[in-house]
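Turn these sequences into a full structure, and let the hints guide you.
Chains as they are written, first to last, in this note's numbering: chain Y, 1 to 376; chain Z, 1 to 450.
Treat the hints with care, since some could be wrong.
[Said to hold, decoys possible] Under 10 Å between C-beta atoms, here's a sample of chain Z residues computed to sit facing chain Y:
#1 L47
#2 L62
#3 G316
#4 T325
#5 R328
[Unchecked claim] Covered stretches of chain Y (in silico footprint by chain Z; criterion: 3 or more residues with CB under 8 Å from a CB of chain Z, positions within the stretch not fixed):
#6 17–28
#7 118–124
#8 161–171
#9 217–226
#10 291–297
#11 305–315
[Stated by the list, open to error] For the chain Y half of the interface with chain Z, some residues (derived, Cβ under 8 Å), not all of them:
#12 P156
#13 N258
#14 R287
Because the hints were derived from the structure by calculation, they are not lab data. Glycine included, C-beta positions come from ideal geometry on N, C-alpha and C.
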Amino acid sequence: MGKHRARGILILALVLFVVGVSAARFAPESPTGLEVYPSASLTRRTWLSQYNPALKGTAGDTPVLVFEGALPGGTMLVLGGTHADEPAGAAAALVIAENVSPEQGRLIVIPYANASGFSHTLPQEGHPSHYTLDTPGGPRRIPFGSRLTNPVHQWPDPTVYIEKVQRQKLAGTESRNLNRAYPGEENGSLTAKVAYAITRLIVDEGVDVAVDLHESSPEYPVNNAIVAHDRAMDLAAIAAVELEYAGVSINIEPSPVNLRGLSHREWGDNTDTLAVLLESPNPSQGRLRGTTDERLVVEGIDPMYLKASLRGRLYVPYTEEGAPLAMRVGRHVASVEALAWSHTMLSPDRGIVLGGLPTYSELLENGVGAYLKPSR
Amino acid sequence: MWPQILTFLSMIGAFLLIAAGLRQPAALATAGAAFVGLAASGRLDQLHHLVEGAFGYFDVLLIIAMAMVFMAALESAGILEEISTRITRRLGKRPMLLSLASMLLVMAPGMLTGSSTAAALTTGRFVLPVLMEAGVPLAKAGAFVALGAILGMVAPPVNVPVMIIGSGIDMPYVGFDLPLLAIALPPAIAASVWVARSVRRPGLGGRSAAATASEAGGTGSATEGGRDASSRDTDSHDDERRIPGFKVYIPILVLLAMMLAVRVSNGSVPDPGIPLMFAVGAVLAMLCGRPVRPWEAIERGIGLALPVMGVLVGAGMFVQVATVTGVRGFLVVSALDIPMAWVIVVAVLALPAFGAISAYASSSVMGVPILLALLGNNEVVTAAALSLLAALGDLLPPIAIVPSLISQATQGGAQTRGDILRRLVVPGVLLAAWAYIVLRWAPAIGRLLS
Numbered sequence: 001m002g003k004h005r006a007r008g009i010l011i012l013a014l015v016l017f018v019v020g021v022s023a024a025r026f027a028p029e030s031p032t033g034l035e036v037y038p039s040a041s042l043t044r045r046t047w048l049s050q051y052n053p054a055l056k057g058t059a060g061d062t063p064v065l066v067f068e069g070a071l072p073g074g075t076m077l078v079l080g081g082t083h084a085d086e087p088a089g090a091a092a093a094l095v096i097a098e099n100v101s102p103e104q105g106r107l108i109v110i111p112y113a114n115a116s117g118f119s120h121t122l123p124q125e126g127h128p129s130h131y132t133l134d135t136p137g138g139p140r141r142i143p144f145g146s147r148l149t150n151p152v153h154q155w156p157d158p159t160v161y162i163e164k165v166q167r168q169k170l171a172g173t174e175s176r177n178l179n180r181a182y183p184g185e186e187n188g189s190l191t192a193k194v195a196y197a198i199t200r201l202i203v204d205e206g207v208d209v210a211v212d213l214h215e216s217s218p219e220y221p222v223n224n225a226i227v228a229h230d231r232a233m234d235l236a237a238i239a240a241v242e243l244e245y246a247g248v249s250i251n252i253e254p255s256p257v258n259l260r261g262l263s264h265r266e267w268g269d270n271t272d273t274l275a276v277l278l279e280s281p282n283p284s285q286g287r288l289r290g291t292t293d294e295r296l297v298v299e300g301i302d303p304m305y306l307k308a309s310l311r312g313r314l315y316v317p318y319t320e321e322g323a324p325l326a327m328r329v330g331r332h333v334a335s336v337e338a339l340a341w342s343h344t345m346l347s348p349d350r351g352i353v354l355g356g357l358p359t360y361s362e363l364l365e366n367g368v369g370a371y372l373k374p375s376r
Numbered sequence: 001m002w003p004q005i006l007t008f009l010s011m012i013g014a015f016l017l018i019a020a021g022l023r024q025p026a027a028l029a030t031a032g033a034a035f036v037g038l039a040a041s042g043r044l045d046q047l048h049h050l051v052e053g054a055f056g057y058f059d060v061l062l063i064i065a066m067a068m069v070f071m072a073a074l075e076s077a078g079i080l081e082e083i084s085t086r087i088t089r090r091l092g093k094r095p096m097l098l099s100l101a102s103m104l105l106v107m108a109p110g111m112l113t114g115s116s117t118a119a120a121l122t123t124g125r126f127v128l129p130v131l132m133e134a135g136v137p138l139a140k141a142g143a144f145v146a147l148g149a150i151l152g153m154v155a156p157p158v159n160v161p162v163m164i165i166g167s168g169i170d171m172p173y174v175g176f177d178l179p180l181l182a183i184a185l186p187p188a189i190a191a192s193v194w195v196a197r198s199v200r201r202p203g204l205g206g207r208s209a210a211a212t213a214s215e216a217g218g219t220g221s222a223t224e225g226g227r228d229a230s231s232r233d234t235d236s237h238d239d240e241r242r243i244p245g246f247k248v249y250i251p252i253l254v255l256l257a258m259m260l261a262v263r264v265s266n267g268s269v270p271d272p273g274i275p276l277m278f279a280v281g282a283v284l285a286m287l288c289g290r291p292v293r294p295w296e297a298i299e300r301g302i303g304l305a306l307p308v309m310g311v312l313v314g315a316g317m318f319v320q321v322a323t324v325t326g327v328r329g330f331l332v333v334s335a336l337d338i339p340m341a342w343v344i345v346v347a348v349l350a351l352p353a354f355g356a357i358s359a360y361a362s363s364s365v366m367g368v369p370i371l372l373a374l375l376g377n378n379e380v381v382t383a384a385a386l387s388l389l390a391a392l393g394d395l396l397p398p399i400a401i402v403p404s405l406i407s408q409a410t411q412g413g414a415q416t417r418g419d420i421l422r423r424l425v426v427p428g429v430l431l432a433a434w435a436y437i438v439l440r441w442a443p444a445i446g447r448l449l450s
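Have a look at this one:
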């Protein structure tokens, strides 16, 4: 009995030690701690709760940045951080927000669309909580999170998640996936409230083009792609041609009609906007990845993916140079600019001309940090 | 040489040393192996991975804990004995009908929740003493319940592994009902025939399931289906212990009704979650049978659940460390480092092997890459077959969660668990072969079903 008790006390002490030294890692971050230092072109800074007051004071509220050009025109929405484990999405939105200088029309940027997702990482994924980039003014620490809302903020999951449009069944955890929650519910779950607010923003602000920035694992077939709603196919096609000129090869994928709750489908079906979603290859996300750390996030070099590529298991080119964050952010930034240009071609009276953004080759050459401000 | 190999070997070595060498529980062995993995890869400054990984199966832990409390409440209230006795009296003379009804009964909670645990610990717990009373040895009855539990998990309308695989490739859970039924039904019927052949005492159907229920739940002696002659002297005493009326059915009927309501309402009835459903069932069990001391039932249920919960906490740490150190990726890439024609063979081997840690984890880690490798092979039928292979992992050591829970619930210990596992070898191999056939001819099966 005494031996058992001693063992019990020893194990308890070990558990308390491990929990104690780990506690700081799990300290919650408030949405106001999500850093973004907008460019001088910022004309309005608000919060997502402006479009759904039910979000006010919750972990789902997140900054919304509005940039306006001198000339009147159309409005573009750029959404980063829908999935916080797809870092190029948020990083590209930050690069755009911190450098853009619109000449015509308006640009609305939400860098951390699912703010709650940035407050945790998924168990068993082994992801870092942040990654650091060198900027001219010093290091910039950018949060890395989960594709799902933090269960601390939305729990429990239903056994089966039934999305609201066609009542399709999905795994219960998908109830915390912002990109399965559109068009959202004003007073639904936290994730549904965020989705509702974004849909409301698109309607209230008269958004002409809405872009959702994502990444997918290199073994996933929809990659290096623009996923476009039916009405946005022309927009995507012209943008793809423009991107080819810039040295960025991109696929166009039609938004599946039978897959509901996704941004490109529900924004397109429920609002007047031209909805697209961008994908770039993210080695820190897939199931084939090797050692998982900040280095993999930033450099994107992984011997496991190289081996899988040599065996023809991947849907994107993958060499020893990997898929660095700079390349993925460069693709997204170039694609956003090309989509704005394409929209201006198609609707000159609602033109959107974005200035001040680094080019694809500049991002490849100088890295992402060169276009961000340091952490304060 | 890949550094991941050394890390993996050090983790496996630590597990064997702690479990077999130091004779410590599997929970400590898996947690210790995770710690060694961190140390071997030079990550001792990242102990937070142990904490994060421990939460990997948090929802499953809650289900197991509350299901065990429900089961303990049913037992303490005498409801388990009573219902088992009634089923035996009603169906004891018809072996085939008895085994088919038992299979359906075991599968039902799994079909409604997608959880083999829920099936094994609810209706599975009723069926076990019934089969034993009918002369089926405990190990075979346990194996039958375990098979029913995983087939229920696979059968429609709710198959969580398919949903997990589907979410990995953006495939909606649409059009799966028929393929899943076609995959789950033949093995379910085969298992019923297998057990019906062991029913040796048709017509006994008397008081006896009560005593057998006690054996199955109380003594821990793996009685291999028989009661000694002296136990028959207790017949009259057992009759005195009978609980009259319909009320004994209320806890299980309310539980199944809650599960069913959530499913058929298609979202209009809020899902309270399986743990809360079990909690409601446990309260009803305490009210509908003999008087129960609630705290004692809860304590007993949690006590029974703790060893399995501990293993899952340790397994969560193990998987997290395997992921962060690259061991997981190394294993997945190595498994797929084969010619395309062999992918199905790898699926048949790797999915159950990964499923031995968790069927859900296997669906995500192995199921998604394998389905991606088999694109064009009728994805719906393929995903359905992969879910059967992932579910098969719930029967495999080291965790063997379903057999472990069954032996834990019967207080049979390691001996019973080992006996059940041995009985599962042939059915397990046949299930894997069945999955291979479905995968190999998925396009033709898909055309046949469409």
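Results for each hint:
1. L47: With a minimum Cβ separation of about 5 Å from chain Y (threshold 10 Å), the hint on L47 (chain Z) holds.
2. L62: holds (8 Å)
3. G316: holds (6 Å)
4. T325: holds (6 Å)
5. R328: holds (8 Å)
6. 17–28: Result for this restraint: holds, n = 6.
7. 118–124: With 3 residues closer than 8 Å to chain Z, the segment 118–124 of chain Y meets the three-residue bar; holds.
8. 161–171: Satisfied; 7 residues make the cut.
9. 217–226: holds (count 4)
10. 291–297: holds (count 3)
11. 305–315: holds (count 4)
12. P156: Since the shortest Cβ distance to chain Z is 5 Å, the answer is holds.
13. N258: Check passed: Cβ of N258 (chain Y) comes within 6 Å of chain Z, closer than 8 Å.
14. R287: holds (5 Å)
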